[in-house]
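Here the protein sequences line up with chains S and U, keeping their order.
The numbering used here applies: residue 1377 is where the first sequence begins, and numbers increase by one.
The numbering used here applies: residue 18 is where the second sequence begins, and numbers increase by one.
What the hints contain is simulated information worked out from the structure, not anything from laboratory work.
You may find that some hints are simply not true.
Stated by the list, open to error - Calculated pairs, SDA-like style, for lysine to any residue (alpha carbon to alpha carbon, straight line, at most 20 Å):
{"id": "1", "chain 1": "U", "residue 1": "Lys186", "chain 2": "U", "residue 2": "Ile208"}
{"id": "2", "chain 1": "U", "residue 1": "Lys349", "chain 2": "S", "residue 2": "Val1692"}
{"id": "3", "chain 1": "S", "residue 1": "Lys1403", "chain 2": "U", "residue 2": "Gly141"}
{"id": "4", "chain 1": "U", "residue 1": "Lys72", "chain 2": "S", "residue 2": "Lys1403"}
{"id": "5", "chain 1": "U", "residue 1": "Lys326", "chain 2": "U", "residue 2": "Ser310"}
{"id": "6", "chain 1": "U", "residue 1": "Lys264", "chain 2": "U", "residue 2": "Lys349"}
{"id": "7", "chain 1": "U", "residue 1": "Lys72", "chain 2": "S", "residue 2": "Met1605"}
{"id": "8", "chain 1": "U", "residue 1": "Lys349", "chain 2": "S", "residue 2": "Lys1403"}
{"id": "9", "chain 1": "U", "residue 1": "Lys349", "chain 2": "S", "residue 2": "Tyr1581"}
Note that the structure is predicted; figures quoted are calculated from it, not measured.
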Amino acid sequence: MAETIIFQSKPARPAPNRTEGLLPWIKLNLFGTWQSALSTVIIGALLVLYVPQFLNWAIFTSTTSTNADACRAAGVGACWGAVVEKYRLIIFGRYPFEEQWRPLVATLIMLTMLVVSCIRYFWSKWLVLGWTVTLAAYFILMYGSLFGYLDVFGLSKVTTDRWGGLPLTIMLSTLSIMLAFPLAVVVALGRRSHLPAIRSLCTVYVELIRGVPLISVLFMASFMFPLFMPQGVTIDTLLRVLVGITLFAAAYMAEVVRGGLQSLPKGQTEAAASIGLSYWQTQRKIILPQALATVIPGIMNNFISIFKDTSLVTIVSLYELTGSHGLAFNSDADWRPFKLEGYLFIVAIYFVFCFAMSRYSLWIEAQVNKSKLR
Amino acid sequence: MAVASRTPPKKRDWSWRSQAFRGLLYQILAVAVIGGAVWFLAHNTVENMRVRGIKSGFDFLFQPAGFDIGEPLFGYDSNNPYWKAFLVGVGNTLRVAIIGIILTTILGTLIGVGRFSRNGLVRGLCYAYVEFFRNIPVLLQLLMWYLLFTELLPDISEAKQVGSVFLSKGGLTYPAPVWVSGHAWMFAGLIAALVAVWFYRRWAHRQFEATGKQPGTFWGSVAVILLLTVGGWFIGGSPTEMRVPVKGEFAVEGGASFTPEFLAVLFGLTLYTAAFVAEVVRSGIASVPRGQSEAAQAIGLSRGQEMQKVLLPQALRVIIPPMTNQYLNLTKNSSLAVAIGYPDVVSISNTALNQTGRAVECIAIIMLVYLTTSLSTSFFMNWYNAKSAIKER
């Protein structure tokens, strides 16, 4: 007979360590290994040392007094009064002071339209109409009339050399990206064309522009463009710079679009050919709708970099945000020592715009990839 | 079986319905339109220059430049011809670009790898760094660094001192060896050592292929380099004379120095580009499948070994093409130096343009310099990329 087995209970295993909640997170992420603990201690010490100093300067001992002498007093930290005093000049540049409601309204309209264009619900053909109206309204408000016509609103004329600040930054980047887009699509198609002459023309254009810095293109627009024009024809500096930035942006965007075109399987073109579509029908109905959807995030990145690059037009003396900062501080001996506060102000503006756009770009990338996840 | 008797239609059929014919026509049209536009612009330019009395041609390059340059790499004064001024500019551009590329690679890689750290604080800081620095225009960053180096630092007479290194509004002054011919022997030794190490490593690699045993080469290489370099230094008569900067009453005298302009450009470009390099490195590492990392842990590699031996070599293939772009961007962005007066090639062309009025020639020189740099860098990186690509049968 088999030996009787007597049931003996084993002690219960200990409950698993908690992995959620604050304390386990700290234990895992800050003191996981001795190296990790060491870096935590070093970084923590540096933060404890410098963050209070910075906060002290930026907030606790700062002043918003618009009296430059109050800012110079001992023990005073950041002088935000410089920004309070100069913010109109920084944001609107040399635009006539009493008329500054016009760039404000124009920019708000344009920003609203930009935000609307980013929302999926509004993606329809009406956007084209919306943008036409927006641009017309922008130029009527800023210039006083549309190409010299339509000055029925009784607005005084403000020439483009007085435009500046944030309205100029937003307008330059938005308009140059819009104008660059069709050019970029054509050039990208051209670079994949079977026709050698067209292919090499497009390749030379893209490589030439991508090989030189934007500043040389702007120099060209500013110094050489007047020589290019026939006798007696002069073109506005702003327009010349806009053309320069557009040509520059188009070369970079063409590469993004070409990436999208290349990502499509060859079968798409072959299928289109087999049902008898012509080249342009194939591109318009089959290739471009698919390719352009995949390159939207890339184009968004183009937009961000052009938004930042518009700061370079300062060098050819157009006073956009960076330039108008110089305008506000460089020649004013009272406020010149507080240039840094002014810089931090425009840094904040640029950061808000670019960060928002890069978040949006991530979101839209997720949207685009959704369709591929099936 | 019936053989198809109809021959396919001739491909080159010179009618409107032939694709070949239309293709040819389109190309001729495109070339004609572009050629016409270029001719029109060139014609206008020549006409305008004639009317306004602007001279053209590159003969001005041999006239004396008549302006001084803040920090020439080699002997230059205002009596020298323009071409020498341009050469100084190109040298300055290359100097800031090369040092910037080296620093930005190191910093960017550290930050990109830091995004995968097990320490939450390190991860967070690296993320914050990337988001902050890449969302602010590089020109603005350059201007801010310039402000820091020229106005917020102490005056020269109250320079901050660490050892024999001085930092003030006048720039960064540091001790440098006095150049004597003995140093040539040291460099000869160093070059000989590098050649020797190359052969040594090749031998080690062959050994590995043949026997499967990997001889450690690191300490051997270090020993060879140290030995030959120090040996060369002794042969050269062991020169030890240094130019040590000393704080005088009004200025820091002696030593070698970096100007505030150079430092501002270098800091601005390096920190801005490092944010992008970090993203490139991060996405490269993220592109390596997770199984690789788990396998590395399974065979007991430490986190550092895992990164160095498993993840980075595989990530490198994804990293190299966008990294090339970042290097080129840094080089092109160095042209922004014109905004703060660092004498790079754009800045000098700009001065020359204002003095001589030869806009076409000066801008052509800028474009030529950057095109040459860009194209040669892409050729080199393409070669390197082809070398490091996966060898497939």
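- Message: Check the structure against each numbered hint from earlier and tell me which ones fail, lowest number first.
- Response: Checked against the structure, the hints that fail are numbers 1, 4, 6, 8, while the rest are satisfied.
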